[in-house]
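Peer 1: Spelled out from the first residue to the last, the chains are:
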Amino acid sequence: MTNETSTDRVLPMEVRRVTGRQRPTRHGGQSNPWAETKAMASETRTIRIEALARVEGEGALDIRLEGDRIEELKLRIYEPPRFFEAFLCGRPLEEVPDITARICGICPVAYMMTSVHALEAALGVTVPSEIRQLRRLLYCGEWIESHALHMHLLHAPDFLGYDSGLEMARDYPTELGRGLRLKKHGNQLLETLGGRAIHPINVAVGGFYRCPKRDELAALIPDFEWGVQAAAETTRWIAGFPYPHFERPYEMIALSHPDEYPMNEGRIVSNSGLSLPASDFETEFEEIHVPHSTALHAARRRDGSSYLVGPLARVTLNRDRLSPTARRVADEIAFEPSCRNPYKSLIARGLELIHAYEEALQILTNYAPPRTSRVTYKPRAGEGAAATEAPRGMLYHRYRIDEQGKIAFATIVPPTSQNQRQIEEDLRHLIPTILAETDDNLGRQCERLVRSYDPCISCSTHFLKIHIDRGERSLDPIASPSNVTPTP
Amino acid sequence: MSGKPRLAVFKFASCDGCQLSLLDAEDELLAIAGAVEIAYFLEASSRVLPGPYDVTLVEGSITTPHDAERIQEVRRQSKFLMTIGACATSGGIQALRNWASSEEYLRAVYARPEYIRTLSTSTAIADHVKVDFELRGCPINHHQLVEVLSSLIAGRTPRTPNHSVCLDCKRRGTVCVTVAQGIPCIGPVTHAGCGALCPHFDRGCYGCYGPAAQANPSSLNDWWMQHGHAPQQLVPLMRNFNGYAPSFRSESERLERMAATSHSSDQVGGNDK
Ligand code: SF4
Chain A
1 MTNETSTDRV
11 LPMEVRRVTG
21 RQRPTRHGGQ
31 SNPWAETKAM
41 ASETRTIRIE
51 ALARVEGEGA
61 LDIRLEGDRI
71 EELKLRIYEP
81 PRFFEAFLCG
91 RPLEEVPDIT
101 ARICGICPVA
111 YMMTSVHALE
121 AALGVTVPSE
131 IRQLRRLLYC
141 GEWIESHALH
151 MHLLHAPDFL
161 GYDSGLEMAR
171 DYPTELGRGL
181 RLKKHGNQLL
191 ETLGGRAIHP
201 INVAVGGFYR
211 CPKRDELAAL
221 IPDFEWGVQA
231 AAETTRWIAG
241 FPYPHFERPY
251 EMIALSHPDE
261 YPMNEGRIVS
271 NSGLSLPASD
281 FETEFEEIHV
291 PHSTALHAAR
301 RRDGSSYLVG
311 PLARVTLNRD
321 RLSPTARRVA
331 DEIAFEPSCR
341 NPYKSLIARG
351 LELIHAYEEA
361 LQILTNYAPP
371 RTSRVTYKPR
381 AGEGAAATEA
391 PRGMLYHRYR
401 IDEQGKIAFA
411 TIVPPTSQNQ
421 RQIEEDLRHL
431 IPTILAETDD
441 NLGRQCERLV
451 RSYDPCISCS
461 THFLKIHIDR
471 GERSLDPIAS
481 PSNVTPTP
Chain B
1001 MSGKPRLAVF
1011 KFASCDGCQL
1021 SLLDAEDELL
1031 AIAGAVEIAY
1041 FLEASSRVLP
1051 GPYDVTLVEG
1061 SITTPHDAER
1071 IQEVRRQSKF
1081 LMTIGACATS
1091 GGIQALRNWA
1101 SSEEYLRAVY
1111 ARPEYIRTLS
1121 TSTAIADHVK
1131 VDFELRGCPI
1141 NHHQLVEVLS
1151 SLIAGRTPRT
1161 PNHSVCLDCK
1171 RRGTVCVTVA
1181 QGIPCIGPVT
1191 HAGCGALCPH
1201 FDRGCYGCYG
1211 PAAQANPSSL
1221 NDWWMQHGHA
1231 PQQLVPLMRN
1241 FNGYAPSFRS
1251 ESERLERMAA
1261 TSHSSDQVGG
1271 NDK
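Protein chains in written order, with this note's numbering: chain A, 1 to 488; chain B, 1001 to 1273.
Hints should not be assumed to be uniformly reliable.
Stated by the list, open to error - Just some of the chain A residues that point at chain B, by a computed CB distance under 8 Å: (1) 48; (2) 54; (3) 105; (4) 197; (5) 198.
Since the hints were made in silico from the structure, they are not lab data.
Built from N, CA and C at the ideal position, the CB exists for glycine as well.
Sequences are here, hints too, so could you generate the full structure?
Peer 2: Okay, structure coming up:
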């Protein structure tokens, strides 16, 4: 490896998994791709997963072992950056939700929501409670679609021994059928309220372009009634999967709100007692550029330590605010109150799937169209930040706007770049426990641990911090003023 | 084709939304998966088979030197290569970098070559290899995708309508947002495919599907300028998800030149949004 973030990817005809064992030379030496010899105490093992499968976006995993010592371990994100933070500058603020949506096809609503909250903070706009409810409803649609996708098509095959969810469908037609239907109703909600499921068109700074009519939403109620029960069954089903015994002492970070399960708003809290307003994110967390990734790693500012965001952290920190059915199922399956097993994020996702269905059902049932679909505002210079809970964890945006309402500065910290450091650390602890495995199995198990994070690699790359010398504080220790580095 | 056609899905610079559209076709997904052999689709399966492939879907644009090589190999391995979405057909939103020479951030692209290898442009797949079929949209419409795949599986040539969004509004009975509310809308020059979504939600079309066949964006923008809009205000609508598609691109550049001239000759009156 050079000191460069490689954006190289495998060619289609290349073998995806290159694993091999070598003589104990530190450098050089051809690896023997399919060797299956028994490990010796001091030999070098190189395990490379060139392209992680069943994750969103493109990344690789490089592991080099010298005997039982991990010499190198990199979750290599080579997805080419798309420079969102750079080209947002100069664009009218109204366009920001539509543009940032395109960061990720799986969680566009998370980007839209975080951007409108941050921009409204900059503009001094507060939205009425009806708009706030509709935003939660939209977010429920995305959690449903994203969680159901990950649970059934991306993650479950790991536990049941299949290459894909589609293959699994042969032997598990009921479960897969139910999963696809759960996912579909999430998408239908996104379509009804947002216009379409991928990159909805109805989100505006200040509210919505058009609020749905009562009967448009009411038509969804029967499917959502079914969904609450179906999601509960799915969660019971996955709770019975065989989970590896693996626990880590995480610092878990999530938003928390006194009255509701966190989605759009809340304070940033942790299991170690941290509590701060979401807008102060940058005082406690920072981004660090590592050469092997086109994504920035996020870490605790005080000591550079890793932390965990996502469903497991959210459920742990907000369990008593889950919907009644989700809470009941959590108790029934005896989900540990402070579960530290990353694989069990799958169950946390299941509990959130129930929650999202049940909360959506409640909003659908009580809905009356608001009098105005959005709050109007006058552009003014200002700065605003916000964090929301994307399906994969906390997502933070900060913008500065000029007097004409154009973006002057943007920074975005997605959940997967926050988890990246934690994933690598987990792997460092997992590998010593599975050294006796063949290279192929070892690689597979590492990939499986990575997948339990549901990493969203398109999200985590694609940024560029610009450090134009206008007194903007750089968050990137490598960058100097008027210089740039690719970021999360 | 002997046996089931072999399907491959490749990703370049993109958001994954277009390939996700296939997984979003929940009702048809299992039928499609049964009718083809999924030979390469990393987002959905860890099973990876070598080429050649009968039908290859390509998502994303070319933004790195390695991807410029990789697409050649993908082409060599593919009998029928279809691009899916605005990134692949026109360079996508990331093609905004292509104009960056006049802006401060271009330096950025080259500033730290030791950390990242990237091209200064984001370009469409067709700029690099022969493309057999293009499916438009940011994102593509999954009903269209299913239709096109079904045609291909049945050995028919796929077809998608190439008229403008305007016509779909008329069909759908949506009241014109420009006429009724004075909202800037580029539906008259935008390719159909979304079902005229935005006007139905009381907002103007912003061009997700790129230029329609024989689109004339200049006459549309001239009309807006006659009605009091300054050229620089019209640039962003022409320059977003399909901004580098030839007819949108030349139009946004024309508007920019007009803005520069009018700015130097006199002060253009602003329009409040
Ligand atoms: S065209 Fe749009 S939806 Fe499709 S991959 Fe590109 S950004 Fe995503």
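Peer 1: With reference to the structure, classify each hint as holding or not holding.
Peer 2: Going through the hints against the structure:
no.: 1; hint: 48; verdict: 14 Å, violated
no.: 2; hint: 54; verdict: 6 Å, holds
no.: 3; hint: 105; verdict: 2 Å, holds
no.: 4; hint: 197; verdict: 6 Å, holds
no.: 5; hint: 198; verdict: 4 Å, holds
This entry does not satisfy hint 1, going by the numbered hints stated previously; all others are met.
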